[in-house]
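Participant: Each chain is listed here by its residues.
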Amino acid sequence: MQARHGHSSYRDRTDEFFGVVETLRRSIAPAAAAPNNVPYGGGGRRDDPRSNAVMQSEFNRRASVIGLAIHQTSQKLSKLAQLAKRSSVFDDPTREIGELTAVIKQEISGLNTALLDLQAVRNSHNDERNISRDTTTHSATVVDDLKNRLMDTTKEFKDVLTLRTENMKIHENRRQRFTNNPSKESTNPFVRQRPLASKPAPSQPAPLPWANGSPSSSSQLVPRRQGEAESSPLLQQQSQQQQQQMVPLQDTYMESRAEALHNVESTIHELSNIFTQLATMVSQQGEIAIRIDQNMEDTLANVEGAQSQLARYLNSISSNRWLMIKIFFVLIAFLMVFLFFVA
Amino acid sequence: MKITALLVLKAAPEATDPVILANASDVSHFGYFQRSSVKEFVVFVGRTVASRTPPSQRQSVQHEEYKVHAYNRNGLCAVGFMDDHYPVRSAFSLLNQVIDEYQKSFGETWRSAKEDSSQPWPYLAQALTKFQDPAEADKLLKIQRELDETKIILHKTIDSVLARGEKLDSLVEKSSDLSMASQMFYKQAKKTNSCCTIL
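Chains H and E, in that order, give the protein sequences.
First residue of the first sequence? That's 1 in the UniProt record's numbering, and the numbers climb one at a time after it.
First residue of the second sequence? That's 1 in the UniProt record's numbering, and the numbers climb one at a time after it.
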């Protein structure tokens, strides 16, 4: 039917084709695409390549989106690496680095899920219809390439984080050695609680040594205040607070010890994990090393055998014995022929 | 992270002043003229805090820029003057050690002390210098630090082991190619040898 109308029929067909593509694009749904094609298209055979092409183009589009996102993430990562390297003792962009780290982590996990989706979509395509082998290999290659790029990005990210922790540790050491700036780790619960207890009733069993006389609790404060000019009044206030803060301090102390122990224990667990992994990897590699050894021994045996063969060959070639025998036989043959013809 | 002074006192529950049994202070970072007054200040604040600390209790007091930690164990009280960065836990474990050491070396003789003893106790001075780094005093801190370093080293080790694995893989391929090639070599040699002995 196409050949009869010549060129014009092709053009007509093209418009029809575009119309079908439009309808397809409007009504596209991965699961329902196949049954929808049949009433619209001219023939079932032509629908497959078309929807395949649409699916393939969607796959390509998503793959390109993912590739772009990976590229952007790696750019941000290089910026983060620069920041981490650059940080000096005084000009520490901790907050920026933290934000950037969080953003990159989010992006990487998002890319991971997107890549998994892409792979699932591709697998579902492969199962649904007959796609040529080239398309399958192409999509597989694309997915593998994206996965490799994402893995490289993640590895760089990990390196940058390690670098950052090392830098921070170096900075902390330097800061301790040279400056007196308060580090962020110390907390002083009593500084915070100082404004709370203003004038607690002293519940001490023994009157203070410099409280001269007055037994009543309210007047104990006054002579104490007036008595000692040397000590700071704050110390007295806090000493009064101490009685009430005693039990919480014990708890805090014990809690902090318990927490430190927990940390140590979890660190040890992680370490044991790492060690087991290390041992597994090394044992696997040991097996590989044994195989390499065997291969080399085989090679050695082969080469030695070949060398002996060649040596024998050389001997046989270089020896003159056979030559003499051959010449002798040729002479005898000539003699025989001579004697035959002459005699 | 600095310890300024360490004191061991006998904190009597009666109305008397706590008696100083041992005293070690590091006033080198004050000016020469302030040193004696700083020592007096240390002595006085130490007495105050020790007298306010009930037995078998630990306490921390903030005084100007120092934290004073006190630990009272059955009348024997150890007081330490540290700055704000010194971790509280390490401070208390240090005071624990000091008290243990004191009890080991002096037994119970301190109970009868009535006035401030003036002999220096060398252990205290040594402890002051040794424990300027809190990791020394607190075993937990030291362990945690070492564990973290070990973890980093192990991470690096695992990376290098992975690289080693890749290299071993490439080696195994090359060696198998080599063995194939040598086998072909051997066969060829055998063929040329055994084929034509004559001619």
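Keep in mind the hints are simulated off the structure, nothing from the lab.
Accuracy of the hints is not assured; some may be wrong.
Unchecked claim - Here are the simulated EDC-like pairs of lysine to aspartate or glutamate, each with C-alpha atoms no more than 16 Å apart in a straight line:
no. : chain 1 : residue 1 : chain 2 : residue 2
1   : E       : Lys156    : H       : Glu259
2   : E       : Lys174    : H       : Glu297
3   : H       : Lys85     : H       : Asp144
4   : H       : Lys169    : E       : Asp148
5   : E       : Lys190    : H       : Glu304
6   : E       : Lys130    : E       : Glu40
7   : E       : Lys156    : H       : Glu304
8   : E       : Lys139    : H       : Glu259
9   : E       : Lys187    : H       : Glu156
10  : E       : Lys156    : H       : Glu297
11  : E       : Lys174    : H       : Asp298
To be verified - Computed Cβ-Cβ distance ranges for the label pairs, DEER-style:
no. : chain 1 : residue 1 : chain 2 : residue 2 : range
12  : H       : Ser308    : E       : Val161    : 16 to 24 Å
13  : H       : His269    : E       : Gln119    : 32 to 40 Å
14  : H       : Glu255    : E       : Gln103    : 24 to 32 Å
15  : E       : Phe33     : H       : Glu270    : 33 to 41 Å
16  : E       : Arg35     : H       : Ser109    : 57 to 65 Å
17  : H       : Ile327    : E       : Met180    : 39 to 47 Å
18  : E       : Ala181    : H       : Ser316    : 34 to 42 Å
19  : H       : Ser132    : E       : Met184    : 34 to 42 Å
20  : H       : Arg13     : E       : Leu171    : 54 to 62 Å
21  : E       : Glu64     : H       : His269    : 25 to 33 Å
22  : H       : Lys158    : E       : Lys130    : 47 to 55 Å
23  : H       : Gln82     : E       : Glu64     : 29 to 37 Å
24  : H       : Leu323    : E       : Lys191    : 18 to 26 Å
To be verified - Heads up, incomplete: computed chain H residues facing chain E, CB under 8 Å, no partners named:
no. : residue
25  : Ile292
26  : Asn302
27  : Arg312
28  : Leu323
29  : Ile327
30  : Val330
Quick reminder that beta carbons are idealized off the backbone N, C-alpha and C, glycines included.
Participant: Now, for every hint given, state plainly whether the structure supports it.
Facilitator: Right, here's what the structure says about each hint:
1. E:Lys156 with H:Glu259: Violated, at about 28 Å.
2. E:Lys174 with H:Glu297: Cα-Cα ~13 Å, so holds.
3. H:Lys85 with H:Asp144: violated (31 Å)
4. H:Lys169 with E:Asp148: Holds, because 11 Å separates the two Cα atoms, which is no more than 16 Å.
5. E:Lys190 with H:Glu304: holds (12 Å)
6. E:Lys130 with E:Glu40: With Cα atoms ~23 Å apart, E:Lys130 and E:Glu40 exceed 16 Å; violated.
7. E:Lys156 with H:Glu304: Violated, at roughly 42 Å.
8. E:Lys139 with H:Glu259: holds (14 Å)
9. E:Lys187 with H:Glu156: violated (49 Å)
10. E:Lys156 with H:Glu297: violated (33 Å)
11. E:Lys174 with H:Asp298: With a Cα-Cα distance of about 13 Å, the restraint between E:Lys174 and H:Asp298 holds, given a limit of 16 Å.
12. H:Ser308 with E:Val161: 16 to 24 Å: This hint is violated: roughly 41 Å between Cβ atoms.
13. H:His269 with E:Gln119: 32 to 40 Å: violated (49 Å)
14. H:Glu255 with E:Gln103: 24 to 32 Å: For E:Gln103 against H:Glu255, whose Cβ atoms are near 27 Å apart, the range 24 to 32 Å holds.
15. E:Phe33 with H:Glu270: 33 to 41 Å: violated (53 Å)
16. E:Arg35 with H:Ser109: 57 to 65 Å: holds (60 Å)
17. H:Ile327 with E:Met180: 39 to 47 Å: For E:Met180 against H:Ile327, whose Cβ atoms are near 43 Å apart, the range 39 to 47 Å holds.
18. E:Ala181 with H:Ser316: 34 to 42 Å: Hint violated: Cβ distance 25 Å, outside 34 to 42 Å.
19. H:Ser132 with E:Met184: 34 to 42 Å: holds (37 Å)
20. H:Arg13 with E:Leu171: 54 to 62 Å: holds (60 Å)
21. E:Glu64 with H:His269: 25 to 33 Å: violated (43 Å)
22. H:Lys158 with E:Lys130: 47 to 55 Å: violated (38 Å)
23. H:Gln82 with E:Glu64: 29 to 37 Å: Distance hint for H:Gln82, E:Glu64 is violated at roughly 43 Å.
24. H:Leu323 with E:Lys191: 18 to 26 Å: Holds: the Cβ-Cβ distance is about 23 Å, inside 18 to 26 Å.
25. Ile292: holds (5 Å)
26. Asn302: holds (4 Å)
27. Arg312: OK, holds: H:Arg312 within 8 Å of chain E, min 6 Å.
28. Leu323: With a minimum Cβ separation of about 11 Å from chain E (threshold 8 Å), the hint on H:Leu323 is violated.
29. Ile327: violated (13 Å)
30. Val330: Constraint on H:Val330 not satisfied, violated at 13 Å.
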